[in-house]
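Colleague: Build the full structure now, drawing on both the sequences and the hints.
The lines below spell out each chain.
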Amino acid sequence: MAEKPHMNLVFIGHVDHGKSTTVGRLLLETGVVPAHVIEEYRKKAAEKGKATFEFAWVMDALKEERERGLTIDVAHKRFDTSKYYFTIIDAPGHRDFVKNMITGTSQADAAVLVVSAAEGDGVQAQTKEHVFLARTLGVTQLIVAINKMDAAKPGYNEKRYNDVKEDVTKLLKTVGYKIDTVQFVPISALKSDNIIKPSENIKWFKGATFLQTLDNLKVPEKPTALPLRLPVQDVYTITGVGTVPVGRVECGVMKAGDKIIFQPANVAGEVKTIEMHHEQIPQAVPGDNVGFNVRGISKKDVKRGDVVGHSDNPPTVPKTFTAQVAILQHPSAIAAGYTPVFHCHTSQVACIFEELQKKLDPKTGQVKEEKPEFLKTGDIAIVKIRPTRPMVIEKAKDIPPLGRFAVRDMGQTVAAGLCIDIEKK
Amino acid sequence: MGEVIVGLKVMPESPETNMEKLKNDIKNAIPKGVKLRGMSEKYIAFGLKAVDVTVTMPDSAGGSENVENALSKIPGVSSVEVTGTGLL
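Chains as they are written, first to last, in the working numbering: chain A, 2 to 426; chain B, 48 to 135.
Because the hints were derived from the structure by calculation, they are not lab data.
Computed from a predicted model, the values in this text were never measured in an experiment.
Each residue gets a CB set at the ideal place from its N, CA and C atoms; glycine is no exception.
All the pointers check out, no bait thrown in.
For the chain A half of the interface with chain B, some residues (derived, Cβ under 8 Å), not all of them:
hint, residue
1, Glu68
2, Thr72
3, Ile90
4, Asp97
5, Met102
6, Thr104
7, Gln234
8, Glu276
9, Met277
10, His278
11, His279
12, Asn290
13, Val291
14, Gly292
15, Gly412
Modeller: Here it is as structure tokens:
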């Protein structure tokens with residue numbers, strides 16, 4: 002049988018809204034919880050004379066096993082549906098990990114936003130932050146799982162689902178999601194309602210189950226039609242081979258014989274051979290981690306942070322750029338002149354917040370304030386940025402993987418954002 | 048808040064770098080509070096190999112920069128890159 006297509010699925014949402022429970026329930030219902038964990042539980046339950054299956058116990062046992070185990074890898078949560086093979090990324094709660102999500106190489110193909118319908122929950126500050134993050138990560142396919150329907154008051158009521166759905170819809174529109182492509186689904190991960198089969202408790206809902214929403218996703222096409230962009234990770238001089246830059250193709254295609262240019266180094270060369278793992282390959286496509294031998298350059302000409310493009314469509318080195326940023330955490334206030342470090346693809350460059358142009362209302366996306374004097378934690382704003390030394394960044398709309406960045410200062414991830422316009426040199 | 052798992056790719060300075068010594072140095076450089084959970088060599092190209100490192104740390108620790116910095120300082124390391132992050 003041919004292997005099923007693979008998808009990376011990121012789970013986002015407020016820390017107490019049942020993200021991990023939803024992931025655990027999905028693993029259990031799709032049959033990937035190890036048999037010995039279930040068996041051990043059955044034995045213990047029988048000893049105590051309990052007949053019902055306690056999901057929380059299985060969750061704890063799994064967590065313990067993962068913590069106790071010696072070797073493990075980042076893609077350790079896997080499950081299958083009839084159509085796909087999924088790897089789950091469960092987003093950490095701490096904001097400092099946002100940098101890892103933005104500059105990390107394992108890209109999410111789709112996101113599940115978990116929002117609790119329990120009384121007093123609904124859209125929270127972290128919900129807003131994660132929605133902005135999903136957009137910044139370039140995730141266009143979104144499922145909104147409205148969780149804890151059992152804990153709504155009264156339990157499983159349709160009105161509460163619709164109210165939460167409406168609030169989330171407003172929020173999604175502000176960051177530019179097309180609502181008709183977003184799937185909404187009411188669930189209770191704890192009680193297993195509407196996860197793999199329709200629930201008696203949610204009879205009023207005529208849409209898909211959670212598992213069906215996952216099967217409705219589409220495998221994103223590789224961005225081969227975009228211009229070539231390969232951020233350089235390292236450069237080597239290899240005896241008998243020559244100068245070999247190493248990196249990952251973000252978009253476009255690089256072939257042996259191509260005329261390429263490194264920016265901002267502004268050095269041109271020709272690709273002689275490309276290797277991936279142990280093999281020589283005729284071309285490298287998005288997602289490939291490759292080394293390539295370049296005629297016409299030496300190791301000291303180019304470095305980490307440079308970006309490779311074709312000579313007739315070189316990477317952009319702007320004088321300034323306009324960005325939409327979300328301030329994730331800052332101890333005081335950010336004013337014009339602030340100069341933190343921007344982490345964008347493999348480069349790290351100090352950049353000046355030259356002009357605070359607009360502050361946006363996170364609820365509506367409308368301009369709340371023109372030319373604000375300062376920005377604080379929780380603000381979303383349009384700002385003009387001036388790099389202190391040349392760097393490559395692209396408009397996120399045109400070349401998404403090279404248009405996003407994380408902003409770090411004082412050992413913290415202060416902000417995350419997208420480049421929305423470029424002022425050329 | 049739970050434990051966070053982070054994947055890192057460590058690139059040596061040259062294909063001649065002693066990989067056994069490098070792996071041993073990585074083991075010794077892991078900062079306090081961070082657990083080493085996996086390490087393997089990965090062939091890149093033209094004889095070059097990277098070391099894929101997997102670590103876990105509490106979510107409350109706030110980021111993986113201390114591990115990235117500690118590994119970057121090891122003699123013979125050219126670069127350290129985060130490949131993936133998620134809750135354990």
